[in-house]
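Reassemble the complex: the two chains are provided individually, in unrelated frames, and hints are given to aid placement.
Protein sequence lines correspond, in order, to chains X and Y.
Residue numbers are given in the numbering used here: position 529 of the first sequence equals residue 529, and the series is strictly consecutive.
All you need for the numbering used here is the position in the second sequence, starting with 1, plus 1000.
What the hints contain is simulated information worked out from the structure, not anything from laboratory work.
Even for Gly, the Cβ is constructed at its ideal location relative to N, Cα and C.
Mixed in with the good hints there might be a few duds.
[As the list claims (entries may be wrong)] According to the in silico footprint, chain Y covers these stretches of chain X (three or more CB under 8 Å from chain Y):
#, stretch
1, 77–89
2, 97–104
3, 188–199
4, 238–250
5, 451–461
6, 501–514
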Amino acid sequence: MAPPNRRRPVSLGELAGQGKTLKRLFSYITRGYKGYLALVLGCILISSLAGVAGSLFLRVLIDDHITPLLAMAEPDFSGLRNALLVMAGTFLAGVMATYLFYRMMAVIAQGVLKEIRDEMFAHMQLLPVKFFDTHTHGDLMSRYTNDTDTLRQMIAQSLPQLFLSVVTVASVFTAMVATNLLLTGVVLLSLGLTLSITKRIAENSGKYFMRQQASLGQTNGYIEEMIHGQKVVKVFCYEERAKEKFDRLNEELRVNATKANSYANILMPVMGNLSHLQYVLVAIIGGALAIGGIGGITLGAIASFLQLSRTFNRPIAQASQQLNAVVMALAGAKRIFALLDEEIERDEGTVTLVHARYTDDGRLVETTERTGIWAWKQPQADGTITYTELKGDVRFDDVDFSYDGEKQVLHQITLYAKPGQKVAFVGATGAGKTTIANLLNRFYDVERGVILFDGIDIRQIKKRDLRRSLGIVLQDTHLFTGTVKENIRYGRLEATDAEIYAAAKQANAHGFISMLPHGYDTVLEEAGADLSQGQRQLLSIARAQVADAPVMILDEATSSIDTRTEAIVQKGMDVLMEGRTVFVIAHRLSTIRNADVILLLEEGRIVERGTHAELLAKKGRYYQLYTGTFELA
Amino acid sequence: MFKQLFSCIGEYKKESLLAPLTVTGEVMLEVLIPLIMADLIDKGIVLGRMDVILRLGGILVVAVLISLAFGVLAGLYASRASAGFAANLRKRMYYAVQDFSFSNIDRFSTASLVTRLTTDVTHVEHAYQMVIRVAVRSPMMLLFSLLMSFRVNPGLSLIFLVVIPFLGLGLYLIARRAFPIFHRVFRAYDRLNRVVQENLRGIRVVKSFVREEHETRKFRAVSQQIHDDFILAEKILALNAPLMQSAIYLCLLLISWVGARMVVVTTMTTGQLVSLFSYSLQILMSLMMLSMVFVMLSISRVSAERIVEVMNEKPDLHNPVAPVREVKNGEIRFEQVSFSYSNDPDHLCLVDINLQIEAGQTVGIIGGTGSGKTTLVQLIPRLYDVTKGAVYVGGVDVRAYDLQALREQVAMVLQKNVLFSGTIKENLRWGNANATDEELVAACRLAQADEFIRALPEGYDTYLEQGGVNLSGGQKQRLCIARALLKKPRILILDDSTSAVDTKTDALIRKAFRERLPEMTKLIIAQRVASVMDADLIVVMDQGRVVAAGTHEELLATNQIYREVYTSQLRGGEDLGATE
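Bound-form chain Y, shown alone (with noise of 0.2 Å):
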């Protein structure tokens, strides 16, 4: 896991070492700060020397302002380390999603790989910074700090090493108690925050029901339950503190009783006896700094797991060794397809599926929800690979293709479709960068969408929000249609892409395609028999398997299903017109 994480270091392996170096630096000229001092008050103070005060003083001031240079360089390094390892972790992260294939986005939520990409790699860089100063400032004090305190007096200072080793495992007893209740309140939190998110996505829902009370007192069961363990894992953290100061004064006590005596039977000076409290004190705190370091550090481990995740997902689509990067026309075949999306031949979404397309043909495909339409389509662009048997368009594999070419030339209308945040030439222009105003207008008149764009306030360059939610489902729908068919594909997919569209504007669009674009292959997937009655070929899909294909007529004499359906909408099933 960390090698990966370290790679990501990349261009800031400089100041990710100055860092800690200068931190070392400044911890160095700390400890020597009490050693100093205490020359100074034995060898100034109690012999009255002046000169020898001003000497000593004039060299601790020096000391003093280099250590606060390495302090500022320390901290200046380790911003610009984090900050650009975090932007690191962002670009490689993102850059390995652009490369997921459809099932690798499956395989993550889309809110948990925002959630890695965001708050994740906030903690993993307040952790980064943390490891490359304070958690080296820590251990270093502690180091210095004790060889100090040896060169001082050794035989005083092994008080430290029978304090430390208590102090330490008290810590690390009490931080191995209190973690698994805290684990424990997380979980908790997760269920509180579940408890409100539900709530206020179905509030007409609790009010239509008079189940306000209800509600608070589901809320307050894990109110109370975060309230209690929070309590019990608190109360365990609360030794913390009076553990440290235990040993603060322990060991204060001991080496003043110690202390004094070897003072008086001058083994040691008072200016000695001085410095060795000031080291306890570093000793300490930093032993204190060091199990909060392990803290935040083994909390934000779960946050570096989660990225280290997202970069070690291998995309499982590959470019071909010697990929084809011409795609010749728009004819498709499926040739004895089986598909499963867990590549378990025997959870086949798809099975067996033969089908010739001419190039040029208006295909229409119809069936149930999870008969398999969907999938069917998404395996000619390559979105996903076939489990067995092989899809060709013109006339190749589409595994040959060179990825980027085969989905220049097969333009897909998805059925979840979006729209960016940006002006409505902006996306457009998704399908086509270099595409000129009048290729735009051209796209979105085939699409019937040039009349409702023109109407809008500032036309072309209205500003659509986010998911464009300032548009009808209708008017989306015809949108995401212009913009694929600005790529100028041979082959155009609409997976249910007209549903929100009224049945007039839908056979315009239609016939536009078959008037104006005879050469593109044409792929309508549709819940309304009328959207594809007119197609050359009707595919009729159930349970994973094609059951019938022909033309409508020939679908009404001989198909089952297909004429269950057709009546069922013509006796009135019919939407009337969805309204999103």
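Next comes chain X alone, as it looks inside the complex (with noise of 0.2 Å):
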């Protein structure tokens, strides 16, 4: 659950400058709520309306039926109890437009909630896969908790009570003119000067708050770096010096928490109490005016006044509450709106995959069922429709490319892969291995040359169709919660159960899986946490399997599997890359060993290329690697 809101007063000011992210919030209510909305601020209006007369019963209480009755030798109460019955059904429609406001603002709520909240995740899955590497999970996972939290109580609860409180001071303001012109001087006058006191709080306390925020930050900081290297502190006998630091960090953030929570805990009790005395005041002014007959002020009219002054300052009161929530709604909203904002991954491609099959007389024909083979269906310019065979020829012509178009990562990049054929990438971690797998499914487009698949430029093929025709098996496995079965089905959402054991086994992951307590139906908790790294590698590439794609690209772990788990997986991996074009970052040498044409990359170029035998001869980059004379940093 959400943490419980820092209060932290705010000032209008920080309001100023965020209409346009209130005018779009609101759009989305008015999107789907109008007809709930009009209800709503009747619903509103009614409640606060039928409060308002409360307050003001007090005055035809006292002035038209208690003082009359007092001069009656005998007095008839049926003029009161009329007038009660006709309050008493005020205040039911009063309390009535309550409940259905309550009832429908969570209905509103919710639902604008969670139509931000689809609309964003929808969103978030095609942004380009750079925005997913410039940004920090945390930072996105907290759009979908605290943000859209803040967003909640400020739509159902700030948002109405800011209404309400608006309504209620006009209403309320209103009553006192028409009661008592100087009597309502008294009262603003006592306002303003409530206003100007609780203004210096806040500002003070704004600025504390910060200081704390800051302090609360650094504590925390060092808390999780420490309790993550716990293990490395005990090793150390570190305790005693962790501890110092700790409690340096521990007694800033306590002074600085102090302080701000001194300044925003005075500042109710400042308010109830100049309300308090505003009160006083009312009484005495008002006393003396009755006594000296001036405006013609009656004793329930002061009394009902007194009521009403404190009715005028409790909702002031609650408003500068509601506005701390909404500024921080506000400030979460922005964040939301500038995910919403990312531009979405581009894709200009026409070029589809589709089954396909031969006719007797050879031609190649789109077809709805599996057939094993697989064409590019090409619109061309004239209207007119090819088809091409999907055979896994992949080309990087003269390619070079940058993430953040400074630093050039790729340079003059041309490789080959003619189907079937199995390409290794060797080389250091940053030398660009990555990059260009990245490029072939377009996590990012080339910056200059062209990459061709099957002879068409993939800047052509409509993204999802390309990457369809690769499958996939990266380094860090990803896994998620859910069943094993399901976690294999993710490569293919409509594969049957017979084709996932059947995967499982040529990946040779079916062995474990049947020692798992459910077998396939064993639920991965925490995305397969409970299982080995080796295991995690077994079933990515059952996954891969039963995606059945024609071309591989293949991301081999490093360390930290034993030898034995590593010579199962190695025959998962093979069986994998059967039949097909394969682009293996290769971190073993039995892999390495294998593949047709092996690339040497250093510093985004391609130092070396050629088969293992002919690399070894040449006593070249390859060669030092092999020998273990140099180290991949």
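Pasting the structure below:
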């Protein structure tokens, strides 16, 4: 659950400049709930007017019923009874309006939130990989958690409260003016005083609040780092020194938190007691006026004015609190909208991937059933459609690339893989191996040069069809919470159980899956944290196997698997590679040796290419690498 | 549970007591105001006596000012007390964690420990502030307002006694019905977070398999559930406000009806009637606040429980009564050692280990994942206690040593090693806070780290981000080795600590150890046979047992597993120098 909001008084100034965000937020409400909205506003109006009527009733009660009756010998209460019945009716309407309003607000707020949430997630799915590379997960996650939560508070509570306050203040003010102009002046004066004092407090509070947040961030950061390294702390007997720094940060936080909270804490008593003060002043001045006979003020008028002045102050105090929540929520909304405004992955491709078969006369035609043959369906400029069989012929022609437009990551990469060939990339971290894979499935687009897939520029191919033709096994396996079966099926959603078992067997994963408590129906918690790295890898191989893509990109896992498991994983990989064009980011000699061509990358350039034997004979960089005389950092 | 928490109030007892006291003072004065006001109306305004109005008005102003002072003081005390309480909570937990043994740390995940020390403390801090202020204020207000209204008019005040229980029951029933649904909502939120998190982590998989729509469907399902449940819960909660209003209005009408009659037949004055209206508002508002406090407190209860759990966790390892403080030499002996992480003799991770390692020897340990290599070496610096048997270092049972003295002499480079944010120098000084710059350089030379450190723009003063992300895997490992060497230990344990270091540098490190640190006992766990081939003794482990021990030549001749691993790596299963 979301942590309780830190109370931080804000000024109206902070609210200014948020108009755009507010407007956009409102558009969500008006879009789906226009009818509701009118009802809600009506309900708030009724509810608040009933409240004001309650305050004004005191005057009627005293002046019209009690005072005249006091003079009567035989008091007749029927007038009072009727008046009370009218009031009861008014109150009933008010109560019902309040209930309806809260109910409807729940529906509106949750509806809007759901829409924003769903839109955010759906939109996020369309964003380019670059976006995910440049934003931390924590940052993105908080938009689904903290930001939407503050938004909920704002829509469901703060906005209606604010509106309620405005209506109440307006109607109470009218009532006050109608009751007595002079006393209204007194109330306004004291209100001015209250506001100027609370503004001072709020400013100070805001200042210290920032310091407290900074201090909290530091302390929590230190705690996090130390606890993550707690075992190292133990091994080095670093406990005492770790305590020293913690104590310093903790004390700093305590001091800042005390100050920030002090200002926030005195705000309410100050406002409350100033309103009492005003109450007393109204009574004294009202009394003086009544005695002096100025303005024709009655006892009932004073009594109801006293009540009114209280009703006047409360919504103002509440509104200032709600303003906090609104400002915080708008900051959150801004972040959410920023995500929604991110430009989605562009795709101008027109070529799609279809099932195909050869007719008896040797023509390639489109078909709906799985034939094992795939074809690129290519609409031509003249309106005709051509089909090219998917074979897995991949060429890079003089490709340059940089992630940020400045630092060149790939230089003049030219390479080709004939159908069924195995191409291995070898090189240090940052040499550009992963980048080549990123370009092939168009996580990023080439800067210069061209990549051809069966002779078609991959930029002409629809991204989803291109990616469907490429299977991928990543170094970090990324499983999802769900059963083993569901995880394998991720490769092809319509795969039958039999196909899943077959894929698992081919990937060499069937053995360990059968040993799991519920076999294929075992639920993997926390993305398979219970499985060993080797097992997770086998599952991701099975997943790629079931996808059955004609071209494979494999990023081999590096270390931490023992030799035996590695042999099993290797066998799974070997099956996966059979009959496919394969690009391997290789870390193992066994993989590399069997490659049709090895490309040695250094700083984004291909520095050596050839088969294992050729490269060894050359006695160059590859030879050094193989004999272990330089480190791949 | 509360005993533990209360003890953390510590030096803030004074503030913690003064806050509720001053709040009570504020409330008492606030409650007096309507009472005096009634007099002011009846004896001043009604009778037209300006002197009475001024006198009572003056009293009221003074009362308000004192109430203001009390209120402000209460706020100040409450903030000092709660911030101090939170600081103490954090400190108590943090210190407790420092005393944790490895098995204690294993029992809590690090993520959950961090949440307990951060978010949970914040929750409890808010709750505490509430307890000493609002949770005092509301019942006090309720109580005093009731007392006062009884003083004004006992008969009329009976109305409150009727309305309050109904309102209280209503609020309680609403909370009780809404609560389980909210819990369900929170769990659904967890699921939603998980879907997003897994999606973010696996975004490349999602995109590669073109599963964007599948993921969106998954998300929508959870999102819809939150939507439905939330509306359900809020529809119940929507009864709160109207219930409250009904109570207020009901009181207003009843007081008007009955009160007006009383005033007319002169058992009550108009001023008293007005003051009763004030009290009715105060009474019902404080009841509302009370129900809010109740909700807030029950939410933070979970956090409090999680905090106390950490405080109550007993460290598994204790210093002996009369500890041995000197480790004589680097001799290590395992005598019939069995070990289980769960202390369960049926689930042993190490079975009946007997091993004799002389001081100064280099020992290689080899075996598959889960064969017990790491577990074995962790017993030497007593990171865990044996389940059966005994481990001796320098001829003394490790359980007889002072823990710190033992660990100063047994340096261990963990498999999952961590560098901390700070300069390289600061990181190295973890090994020895007082090491001179020369000593730092010397250690780094031995670990073959000096060269790359000097090549960095700011050399030894280069700032490392958290986790040392700006270094390569091999560089990090060499720094960790240097850090351990700075302890000048009698025993050095490397747990797969050179896996990302290339074979040549790896060999140089071992050569430096052999030549420069002949006294030090060296234990090396490795996947690569090449890393242990030249050791004095190689231990082969399999399924928690030592299946063979000997030199490279002996093992090649006699041990099947060793031979298999060796030939498979020679044939080309060997890593091409790992690249992280």
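Quick rundown of the hints versus the structure:
Proximity of the stretch 77–89 of chain X to chain Y, defined as three or more residues with a beta carbon under 8 Å from a beta carbon of that chain, is established by the 6 residues found. Here's how the stretch 97–104 of chain X fares: 4 of its residues keep a CB closer than 8 Å to some CB of chain Y, so the rule of at least three is met and the hint holds. With 0 residues carrying a beta carbon less than 8 Å from a beta carbon of chain Y, the stretch 188–199 of chain X misses the three-residue requirement, and the given coverage is violated. Coverage of the stretch 238–250 of chain X by chain Y holds. Counting CB-CB distances below 8 Å, 8 residues qualify, and the rule asks for three or more.
Only residues whose C-beta sits within less than 8 Å of a C-beta in chain Y count toward coverage, and the stretch 451–461 of chain X has 0 of them, not enough to reach three; the restraint is violated. Here's how the stretch 501–514 of chain X fares: 0 of its residues keep a CB closer than 8 Å to some CB of chain Y, so the rule of at least three is not met and the hint is violated.
Violated hints for the displayed structure, listed by number in ascending order: 3, 5, 6.
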